[in-house]
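There are 2 protein chains.
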Amino acid sequence: MELYVHKIKSAENYIKTFIRWVFLASITGFIGGVIGTLFHVSVEHATEFRAENNWIILFLPIGGVVIAVLYKLFKMSDSTGTNQIISSIRSDQKVPFVLAPLIFISTFITHLFGGSAGREGAALQLGGSIGSFVGSFFHLDEKDMHLITLCGMSSVFAALFGTPLTATLFAMEVISIGVIYYSSLVPCLVSSLMAYGVSLYFGVVPVRFYLSYIPDLTLKTIIMTVVLAALCALLSIVFIVSMKKTEHLMESKLKNIYVRGFVGGLIIVIMTVLLKTGDYNGAGMNIIEKAIGGNARPEAFILKIIFTAVTIAAGFKGGEIVPTFFIGATFGCLAGSLLGLNPGFSAAIGLVALFCGVVNAPIASIVLSIELFGVEGLLIFAIACSVSYMLSGYYGLYSSQKIVYSKLKAEFININAK
Amino acid sequence: MELYVHKIKSAENYIKTFIRWVFLASITGFIGGVIGTLFHVSVEHATEFRAENNWIILFLPIGGVVIAVLYKLFKMSDSTGTNQIISSIRSDQKVPFVLAPLIFISTFITHLFGGSAGREGAALQLGGSIGSFVGSFFHLDEKDMHLITLCGMSSVFAALFGTPLTATLFAMEVISIGVIYYSSLVPCLVSSLMAYGVSLYFGVVPVRFYLSYIPDLTLKTIIMTVVLAALCALLSIVFIVSMKKTEHLMESKLKNIYVRGFVGGLIIVIMTVLLKTGDYNGAGMNIIEKAIGGNARPEAFILKIIFTAVTIAAGFKGGEIVPTFFIGATFGCLAGSLLGLNPGFSAAIGLVALFCGVVNAPIASIVLSIELFGVEGLLIFAIACSVSYMLSGYYGLYSSQKIVYSKLKAEFININAK
Numbered sequence: 036m037e038l039y040v041h042k043i044k045s046a047e048n049y050i051k052t053f054i055r056w057v058f059l060a061s062i063t064g065f066i067g068g069v070i071g072t073l074f075h076v077s078v079e080h081a082t083e084f085r086a087e088n089n090w091i092i093l094f095l096p097i098g099g100v101v102i103a104v105l106y107k108l109f110k111m112s113d114s115t116g117t118n119q120i121i122s123s124i125r126s127d128q129k130v131p132f133v134l135a136p137l138i139f140i141s142t143f144i145t146h147l148f149g150g151s152a153g154r155e156g157a158a159l160q161l162g163g164s165i166g167s168f169v170g171s172f173f174h175l176d177e178k179d180m181h182l183i184t185l186c187g188m189s190s191v192f193a194a195l196f197g198t199p200l201t202a203t204l205f206a207m208e209v210i211s212i213g214v215i216y217y218s219s220l221v222p223c224l225v226s227s228l229m230a231y232g233v234s235l236y237f238g239v240v241p242v243r244f245y246l247s248y249i250p251d252l253t254l255k256t257i258i259m260t261v262v263l264a265a266l267c268a269l270l271s272i273v274f275i276v277s278m279k280k281t282e283h284l285m286e287s288k289l290k291n292i293y294v295r296g297f298v299g300g301l302i303i304v305i306m307t308v309l310l311k312t313g314d315y316n317g318a319g320m321n322i323i324e325k326a327i328g329g330n331a332r333p334e335a336f337i338l339k340i341i342f343t344a345v346t347i348a349a350g351f352k353g354g355e356i357v358p359t360f361f362i363g364a365t366f367g368c369l370a371g372s373l374l375g376l377n378p379g380f381s382a383a384i385g386l387v388a389l390f391c392g393v394v395n396a397p398i399a400s401i402v403l404s405i406e407l408f409g410v411e412g413l414l415i416f417a418i419a420c421s422v423s424y425m426l427s428g429y430y431g432l433y434s435s436q437k438i439v440y441s442k443l444k445a446e447f448i449n450i451n452a453k
Numbered sequence: 036m037e038l039y040v041h042k043i044k045s046a047e048n049y050i051k052t053f054i055r056w057v058f059l060a061s062i063t064g065f066i067g068g069v070i071g072t073l074f075h076v077s078v079e080h081a082t083e084f085r086a087e088n089n090w091i092i093l094f095l096p097i098g099g100v101v102i103a104v105l106y107k108l109f110k111m112s113d114s115t116g117t118n119q120i121i122s123s124i125r126s127d128q129k130v131p132f133v134l135a136p137l138i139f140i141s142t143f144i145t146h147l148f149g150g151s152a153g154r155e156g157a158a159l160q161l162g163g164s165i166g167s168f169v170g171s172f173f174h175l176d177e178k179d180m181h182l183i184t185l186c187g188m189s190s191v192f193a194a195l196f197g198t199p200l201t202a203t204l205f206a207m208e209v210i211s212i213g214v215i216y217y218s219s220l221v222p223c224l225v226s227s228l229m230a231y232g233v234s235l236y237f238g239v240v241p242v243r244f245y246l247s248y249i250p251d252l253t254l255k256t257i258i259m260t261v262v263l264a265a266l267c268a269l270l271s272i273v274f275i276v277s278m279k280k281t282e283h284l285m286e287s288k289l290k291n292i293y294v295r296g297f298v299g300g301l302i303i304v305i306m307t308v309l310l311k312t313g314d315y316n317g318a319g320m321n322i323i324e325k326a327i328g329g330n331a332r333p334e335a336f337i338l339k340i341i342f343t344a345v346t347i348a349a350g351f352k353g354g355e356i357v358p359t360f361f362i363g364a365t366f367g368c369l370a371g372s373l374l375g376l377n378p379g380f381s382a383a384i385g386l387v388a389l390f391c392g393v394v395n396a397p398i399a400s401i402v403l404s405i406e407l408f409g410v411e412g413l414l415i416f417a418i419a420c421s422v423s424y425m426l427s428g429y430y431g432l433y434s435s436q437k438i439v440y441s442k443l444k445a446e447f448i449n450i451n452a453k
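Quick note, the sequences are listed as chains W and G, same order.
Numbering of the first sequence is given in my numbering, commencing with residue 36 and proceeding in unit increments.
Numbering of the second sequence is given in my numbering, commencing with residue 36 and proceeding in unit increments.
One chain only, chain W, in its complex shape:
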């Protein structure tokens, strides 16, 4: 009898927890979806405005100063942004809510004036702050705060990219590579789907690419994919090291953050004027699309690395994932054709493999390939992600990310990404 009472209590606990999280995650996802949509639309408008008024880039240096002033004003100059969100999942440190408006406005400024940056840093920070805010509102305990912060992160990611399952698995996988809190699966999926639904309702078009050609899984295709993925792994290290070196260089040479923002902006302006193209400003989704269509300039990936490194080092905001897509796709298009693969398909491989190399999250990367490109090339994408994961070493975009197990051995190492 007592056994049955115990069992019923236990079942009750499961159902209560389930309903509680569906409720909490729906709220988080709804807010994340609305803010994500607003953010998406703002950045879109900024990008369109810049496309029609390319003189506006001349104001980028001033934009850099404004961002520095904003962060100083709210005493967040030392904030490590996305890294702060990632650390908060593993500690009892709270995410300051002011991060949300700050990252929103400064990413908007960055895109309006033509800095080279993405949107996912903003997505993760906006989302993390929203989750943390909702959690505080409902007085969640420390452990549940971790889950709701993950919910928030995945919701805004889902709203921005239209990839709810990638968003869910990315948030779950990226914090500590090798350790997955599956208790966040239902919460993150619910908030991602909710945010995705909200974004669709407001007419946000999910990021999707059409692959006109997908090769069969022949030995030649496999070998060339492995080579391409290995090159992407190498490129991921080059990209990350370039970012960090540029950051250190600018920090040491330009100690004053206003000067740094101004000079960084100025460098981007000069490069843009010299190159006579706006291809490397903003996120560059159009260039990514062209690459996946099979066309990319051979120097594009190098230039995008330089533009992004300078932009981020100068203090502009937005994140590095869309630039990663850009660099991976243009590089893949180039390298793939040299290897005898279809250029458009190689661009897709490059995009996913470079993403995997810089975030060290192979499962999210494989699912990303499905949500962006469909399922037909699944095994080839899986090969590319595995190889890129293994060979990209312990470098990573997020230095607060833990890599818990060795990439080469079945052993516990628990180090921070370099």
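Do not rely on the hints blindly, as some may be mistaken.
No copy is singled out in the list; a pair is fine if it fits within one copy or between any two copies.
[Unchecked claim] Pairs of lysine-lysine residues, derived as DSS-like cross-links and limited to a Cα-Cα distance of at most 27 Å, are as follows: (1) 255 / 42; (2) 280 / 42; (3) 44 / 178; (4) 51 / 453; (5) 288 / 110; (6) 178 / 444; (7) 42 / 444; (8) 437 / 178; (9) 255 / 311; (10) 44 / 279; (11) 107 / 280; (12) 444 / 311; (13) 44 / 280; (14) 444 / 44; (15) 280 / 110; (16) 42 / 311; (17) 255 / 51; (18) 437 / 290; (19) 42 / 453; (20) 290 / 107.
What the hints contain is simulated information worked out from the structure, not anything from laboratory work.
Position chain G against the provided structure of chain W, taking the given hints into account.
The following block gives chain G in isolation, referenced to the frame of chain W:
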């Protein structure tokens, strides 16, 4: 200068390890593919022979005795089968190679005479033994032995089911839920692909189902899917508890293993004769296909639970995954129609959700849905897996499986599956 020497050495180490594992995993995958194919063909033939000669089921009791004799003869009566393989990944315990021929022959006997069992237990044990054998041959150290055992497991799984990515992720995920050795990603994927290639070469047809109808992602569909998945979670507990209770009952009432094998076989024979159908003997792939086509008898899932519980408790071999597919699909077909969902689609949801509930591996389950049913219903399958994972508690088919983090909280618990 020294820095560069160090970097080159490190790069060399990565490339060497990569090439080494491609080599080791290819060999393991090749052997796993050949043996998996041979095993597949044998079981197919046994099944066909039984279908044409249904009197053969009368010999099932004798089959039970023969299996008991075989295991006694090789001193493996106490072997916990698949659990032994799972434990070996976490310890320095070796997998005895004799497990491989034993499980091969006894699964063949089980299928030939019409016991109700699957093939994946055999796949994991055959594969684990093969991996362990190859590892010993090349004198791998303890940590690499874990990886190569995983390689072996995923290779035979891939050859049998034709689902290489599921095989890879299943082996990686199932040992310790919440902890993933990503260092096994390249090795397992290589061996899975190799084994899959070998099986295709020998004409093995991959398991694929055609879904004639996939609902849109409406709120009603989502809610009904959640209900269906919650029911599958409950069913997974019922199935596992039935299996364990039957096992304990038969062990305590029939202490002699030969008698147990004989009586267990006899019970199956009597039930088969009384029911006047062979639907519940063997793996029952045809019934699974019918369910996914939208047709299933309402009592089918209960009968399959009973048949499988008695079969396995009597000492017959093969595993519980294909029976899980059977039970999930027939239950899903029934419950889904009652909930107003499409019966065929619900059968697919039931199959995947029950699988997820009994093995506690949500990522492998989501990928399984893609490899079996295609990508169109991805988000609905992901919802079903998440819900079933969360609500199925800490019950599991493999009692040596560790569940490292709570299903309800972000906390470390590290318990064995019940």
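Hint check:
1. 255 / 42: So residue 255 and residue 42 fail the 27 Å test inside a copy (56 Å) and across (30 Å) alike.
2. 280 / 42: between (58 Å within a copy, 17 Å between copies)
3. 44 / 178: within (22 Å within a copy, 42 Å between copies)
4. 51 / 453: between (41 Å within a copy, 22 Å between copies)
5. 288 / 110: Within one copy only: 22 Å inside a chain, 73 Å across chains, cut-off 27 Å.
6. 178 / 444: This pair counts as between: shortest inter-copy Cα distance 7 Å, intra-copy 30 Å.
7. 42 / 444: between (41 Å within a copy, 19 Å between copies)
8. 437 / 178: Intra 18 Å, inter 21 Å, cutoff 27 Å: intra and inter.
9. 255 / 311: Answer is neither: 40 Å inside a copy and 53 Å across each miss the 27 Å cutoff.
10. 44 / 279: Between. Shortest inter-copy distance 22 Å satisfies the 27 Å Cα cut-off; intra-copy 53 Å does not.
11. 107 / 280: Only inside one copy: residue 107 and residue 280 sit 24 Å apart there, 66 Å across copies, limit 27 Å.
12. 444 / 311: Classified as neither: same-chain Cα gap 48 Å, cross-chain 54 Å, threshold 27 Å.
13. 44 / 280: Between copies only: 22 Å across, 57 Å inside.
14. 444 / 44: For residue 444 and residue 44, only the inter-copy Cα distance (17 Å) is at most 27 Å; the intra-copy one is 43 Å.
15. 280 / 110: Within one copy only: 25 Å inside a chain, 62 Å across chains, cut-off 27 Å.
16. 42 / 311: neither (71 Å within a copy, 37 Å between copies)
17. 255 / 51: between (53 Å within a copy, 21 Å between copies)
18. 437 / 290: This pair counts as neither: shortest intra-copy Cα distance 29 Å, inter-copy 51 Å.
19. 42 / 453: between (47 Å within a copy, 14 Å between copies)
20. 290 / 107: Classified as within; 14 Å inside a copy, 77 Å across copies.
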